[in-house]
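Student: Can you make the complete structure from the sequences, with help from the hints?
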Amino acid sequence: MAVETLPELLEGLNEPQRAAVTFGDGALLILAGPGSGKTRVITHRVAYLVRERRVAPWRLLAVTFTNKAAKEMRARSAALLGEDAGSLAMGTFHALCARWLRIDGHTIGLDRNFTIYDADDQERLMKRTLDDLRMDPKKHSPRAILSQISHAKNEMLSREGYAARIQTYDQEVVARVWARYEELMRSSSAVDFDDLLLKTVQMFAQSEEAIEKYAGRYQYVLVDEFQDTNPVQYQIAHALAAGFVGAGSEPERRIDAAGRRLGYRNIAVVGDPDQSIYSWRAADIRNIANFEADFPGREVVLLEQNYRSTAPILMAAESVIDRNPYRTPRRLWTARPGGDMITGYEAYNDEEEGEFVANEVRRLANAGRKLSAIAVLYRTNAMSRPIEDALVRHRIPYRLIGGVRFYQRREVKDLIAYLRLIHNRLDEASLLRVLNVPGRGVGKTTVARLREWAASMQLGTWDACEAVAGGRLDTGITGRSAAGVREFVIAINALRAKRELPLTMLLDDLLMATGYLRYLREGEPDAAEDRVESIDQLRAVMIQYSDIAGDVSDLAQFLNDVALVADVDEVEGGANAVTLITLHNAKGLEYPVVFMVGLEEGVLPHIRSFDDPKQMEEERRLAYVGITRAEDLLYLTRSYRRFMMGGTMANPPSRFLLDIPKEVVRPWGSTTPGLRAGSYAEAVAIAPPQEDLPEIEAEYGPGQLVRHVKFGVGIVVSARANGGDVEYQVTFEAAGVKRLLQSYARLAPA
DNA sequence: GTAACCGAACTTTTT
DNA sequence: GTTCGGTTAC
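In the numbering used here, the protein residues as written are 349 to 1098.
Wrong hints could be hidden among the right ones.
Derived BS3-like pairs (lysine-lysine); straight-line CA-CA distance at most 27 Å [unchecked claim]:
| no. | residue 1 | residue 2 |
| --- | --- | --- |
| 1 | Lys486 | Lys718 |
| 2 | Lys475 | Lys718 |
| 3 | Lys761 | Lys486 |
| 4 | Lys846 | Lys487 |
| 5 | Lys475 | Lys846 |
| 6 | Lys486 | Lys475 |
| 7 | Lys419 | Lys846 |
| 8 | Lys761 | Lys419 |
| 9 | Lys475 | Lys487 |
| 10 | Lys718 | Lys416 |
| 11 | Lys761 | Lys792 |
| 12 | Lys1010 | Lys792 |
| 13 | Lys416 | Lys792 |
| 14 | Lys846 | Lys761 |
Bear in mind the hints are in silico, worked out from the structure with no lab data behind them.
The model shown is predicted, which means the values in this text are computed figures rather than measured ones.
Tutor: In structure tokens, the structure reads:
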């Protein structure tokens, strides 16, 4: 017995944390508020099970929400355990399922070299499907159909099940399209994200061998971010812990081939209903109730002490989330004394909001804060733009998470499509993507002919290409188009012969064989440099895949991982840069300084949630998640005007701001008159309604020189009435042309 | 039959 | 301010 390690393991943990760490066998529900040391509890529990209970590491399974979380968990467990953490099974549902399916998917007829399609590939294939069925993609939006299918899959509804309960015409369309879509996926040897989960459940349900193997292997199952699991994911967790598929049915005991009971029923789930923000991805909080039903007698541990944030930040968070109905009241508390007030700032427009953030970042950096300690959080990716612009102006380095995602960039997707095709020639979406990239004279008509011929011969499109390359004429493809197809086939086959080469060499050969670089340079000379840079980045990623251990090729492993990376996975602590990130992506992260921007009605809460109370509650949780990312300093900003969807919007301050007690908010000097003192609620109360504004006369005329606090000296180009105000167009020496409202922009004669 | 150009529609959040 | 699809020009 390693007696001396137990006190070490429990040192510095509070009572509920200890209870969770040392919980023995059975089912455990850990309700963990933000900053309550959740990861610490999980890693210490892993260490406890291995050290004290002598559980072999490979018999522990931990499911996380992102690859990054898995990586961190593994690293921290390893630090507690020493070297024997390598065999711990940790990963996202999707990554784990992909691994299991590659090994045992053959039991349900799945090829081990299947390709994983992302949303982009799916959309491409869906358009094809509609095309095949002679349906108008404008009448039936591919995306909407896919989202219907996805939702059904995540609800564990099979295509047959869906078809059986059709009620509307639209559903009938979906059912019809779904059938053909599935055929195409199958013949492409492809699966989508939802299939990874669903097929795993199918495998566990249909293959005795598979369920015995995995339920027999994992003695302890742990699921993190449980509030964001959807029904299929829950089914998987349940199957592994209980030894059979069928959560919700009578608990039973399964016997394996050796006569042992299957399913250890040791399962711990960690979650926080207040941080459930993925219902649109079919996540279902009811899983918490299901858990209680499927694992009767489960214990509950509540983690309520917050170690992350100051009292004012927690106060703000609580006052926002507390307004959600039907929530189990819970109090977070902190032992941290003092703490700065929250800073509230009202900007005139989104550009100025960015200026404010950049100025504050600069000030904080000068005061000794590391840039890596600072994050800017926003509701939608598009909102990063004005922040980025301001940071660039101030020469402040930043890291953008998400946005135009690396693996979504055209050049990266093109090259990956080539690699996938080399790996799996059935991959229809990839084939159609690159068949004419760079242009080879293979246009729409030729593609249609290829597909028609393939269909008539019961073959794939790739076979049709090979037929053309082989000189077959009954395809109706001749001349330049036929030459293009032949060129393509020769290139792919030549590269295929090199698929065991180190990936970077394969990439270089690929670029050479296809003339891709020249295509970039000639196609869009302006963007070429950028795109070549992302190819270099891709090469850098590939280097990590040289000679990986394991029984699959580097290429297979690379393609698998690349399909499953999330944006947050790229977040690193080390870089000396400000982090720009969406609220969704920020879940699970923490920063000493947090700026939450765009706290406006229509933005946060998002306009799409206005007519649905359920969604509005989720927006509130999103605000709660954002606020609770902050450790020391929190800035809540909103902008009077915002440029979005091609126009300028004037949004009132977010209702969430109004919920925060003024005692914890310090309003910052605002450019909006009358909004300088008091809380947000006060500020709004004293701001005169728009229509009562007195008519303002233009103080300056075109041609006059004026001075602006921020932009310096400029010349008035035009002045015109605008909603009781005067809007000027002014050209500044340094900042260029700006539109300014007289009542807000404090202009002075120059 | 293909490439280039131009207008329209749209942007919530993502494994 | 983007990307997609349709139309026109070659």
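Student: Against each hint, give a clear statement of whether it holds in the structure.
Tutor: For each hint, the structure was consulted:
1. Pair hint Lys486 plus Lys718 does not hold up; C-alpha atoms about 50 Å apart against a cutoff of 27 Å.
2. For the hint linking Lys475 to Lys718, the alpha-carbon distance of about 47 Å lies beyond 27 Å, and the restraint is violated.
3. For the given pair, Lys761 sits about 25 Å from Lys486 by alpha-carbon distance, which is consistent with the 27 Å threshold.
4. A threshold of 27 Å between alpha carbons decides the hint, and for Lys846 with Lys487 the separation of about 44 Å lies outside it, so the pair is violated.
5. This hinted pair does not check out: Lys475 and Lys846 have alpha carbons roughly 32 Å apart, beyond 27 Å.
6. About 10 Å separates the Cα atoms of Lys486 and Lys475, which keeps this hinted pair within 27 Å; it holds.
7. The suggested pairing of Lys419 with Lys846 is violated, with an alpha-carbon distance near 32 Å, which exceeds 27 Å.
8. Simply put, Lys761 and Lys419 have alpha-carbon atoms about 25 Å apart, close enough for the 27 Å limit, and the pair holds.
9. With a C-alpha separation of about 12 Å, the suggested pairing of Lys475 with Lys487 holds against the 27 Å cut-off.
10. Pair hint Lys718 plus Lys416 holds up; C-alpha atoms about 22 Å apart against a cutoff of 27 Å.
11. The straight-line distance between the Cα atoms of Lys761 and Lys792 is roughly 20 Å, inside the 27 Å bound, and the hint therefore holds.
12. Under the criterion of a C-alpha separation no larger than 27 Å, the hint pairing Lys1010 with Lys792 is inconsistent with the structure, at around 62 Å.
13. About 41 Å separates the Cα atoms of Lys416 and Lys792, which puts this hinted pair outside 27 Å; it is violated.
14. This hinted pair checks out: Lys846 and Lys761 have alpha carbons roughly 20 Å apart, not beyond 27 Å.
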